[in-house]
Each structure stands twice: as C-alpha cells, then as structure tokens.
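Student: Could you slot chain B onto chain A? The hints should help.
Heads up: the protein sequence lines correspond to chains A and B, in order. If you count the first sequence from 1, position 35 lands on 35 in our numbering, and the numbers rise without skipping. If you count the second sequence from 1, position 56 lands on 56 in our numbering, and the numbers rise without skipping.
Note that these hints are calculated values from the structure, not bench results. Take the hints with a grain of salt, since some may be wrong.
[Stated by the list, open to error] No farther apart than 27 Å at their CA atoms in a straight line, the calculated lysine-lysine pairs in the DSS-like style are these: (1) A:K57 x B:K70; (2) B:K57 x B:K109; (3) B:K59 x B:K36; (4) B:K59 x A:K57; (5) A:K57 x B:K97; (6) B:K36 x A:K11; (7) B:K97 x B:K56; (8) B:K109 x B:K36; (9) B:K97 x A:K71; (10) B:K51 x B:K70.
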Amino acid sequence: DTGVSQNPRHKITKRGQNVTFRCDPISEHNRLYWYRQTLGQGPEFLTYFQNEAQLEKSRLLSDRFSAERPKGSFSTLEIQRTEQGDSAMYLCASSLGSGLHVGDTQYFGPGTRLTVL
Amino acid sequence: GQQVMQIPQYQHVQEGEDFTTYCNSSTTLSNIQWYKQRPGGHPVFLIQLVKSGEVKKQKRLTFQFGEAKKNSSLHITATQTTDVGTYFCAGDTNAGKSTFGDGTTLTVKP
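This is chain A alone, in the form it adopts within the complex:
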C-alpha cells in the first residue's frame, strides 16, 4: 500500500494525558499537513511541513500541540495535557509540494480518532 498511513487509528485517553500520533506520507511527497475534523465540520488546518521545515502553524493551535517531521519523512503530532475539547479526528495529508502549489493535490490518510474522557 503506497497511500498515506496513520497510527493509531483510534485512541482513547483520559483528560490530562499526553498522546502522540504518527503519519507516514506517500514516499515521494515533500509536503505533509495535519488537520483536525469534528462531526459536521470540514477539516481544520493545523500545520504543514515542507520536507522537515514546519512552514505554517494555525493560530488555533495551542501550545499544547506540537508537530515534528525530523527527517522529512514521517511526522508526529503530540497533544499534551489533553482536554475533552481535543476529541476529534486528526487527519494527515501529503502532497508532492510543487513550488507554485498549483496542482498540489493532497492525499489524505484514514485519520486517528481521538476520544478524551
């Protein structure tokens, strides 16, 4: 399978705990995105990477959220001191990352569903 993969697919945690999600993009893709999606809403942009560089981070992202892509391949998204409001589907997407962004199709992974009790 050469698509975007995410692990784990489901995570249940207690409020206050830290969680970490992993995303493996399509191998030749330079850009990697993280989104959050709640029921009835569209994907909400969190952050994105061009290779290993984190180029933009949403203002909606609190300091409890951090993302890394250390070698420009897989990425991790960590949420510290989880809150019930963090419950959502966390989606990762990757794209080729052409310089002009035109034709930069994003391919989404299956997501990690987080439930904070």
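Tutor: Just chain B now, kept in the frame of chain A:
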C-alpha cells in the same frame, strides 16, 4: 481570516435528480479543490480548478470556478446512490494552506 462557506449544508434527492453545491470564499483564491468524503471515510481529492471561469467535467460531475475566483460550484447530473457523501471545497490563498468549507452532505433515495 479567510472563510469558505458552502451551501446547502444538507441535500436529499431522489435517485436520478440533479444536485448542486456552492462554495463561496471571503477572499480571492489562487485555486480551489473539491473533495468527497464517504461516511466513515477520509476526504478524497476530486479536482482542482485554477483559472478564472474554468469549467471541468468528470463524467456526471461538472465543476466551475467563478470569474472573480471567489466562488465555485459542483453539479452532479442524474445522481446515483454511489454519490452519497459529503462534498467539501477547499480554497488556497497562499501556497501550503487550504481552508475547507464545512461541506454539503448528499443523501440519495433509491
């Protein structure tokens, strides 16, 4: 900040009827993409529009990008039960960041 609005939020149609969803941006877009998300699934890319006034077709689906590059539409002719899902538009103003609308959820009654 940039806002992308979609209407309607829900659409119920009889199989064979047509369906249209509209997408409006508060700012001029460099390009717009359309995605389909089946229940329980993840967004799947359908198409990208770049040029002002552009029209693209994929079988029964017709996509349009407005002249001012602030609005777009997706029209499905003669819906089928396989068309059910939520259709999202996503607009780009700057390279790297896409703002998604909240989608139009289509249900098709056989």
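Student: Taking each numbered hint in turn, which are not upheld by the structure, reported in ascending numerical order?
Tutor: The structure breaks only hint 4.
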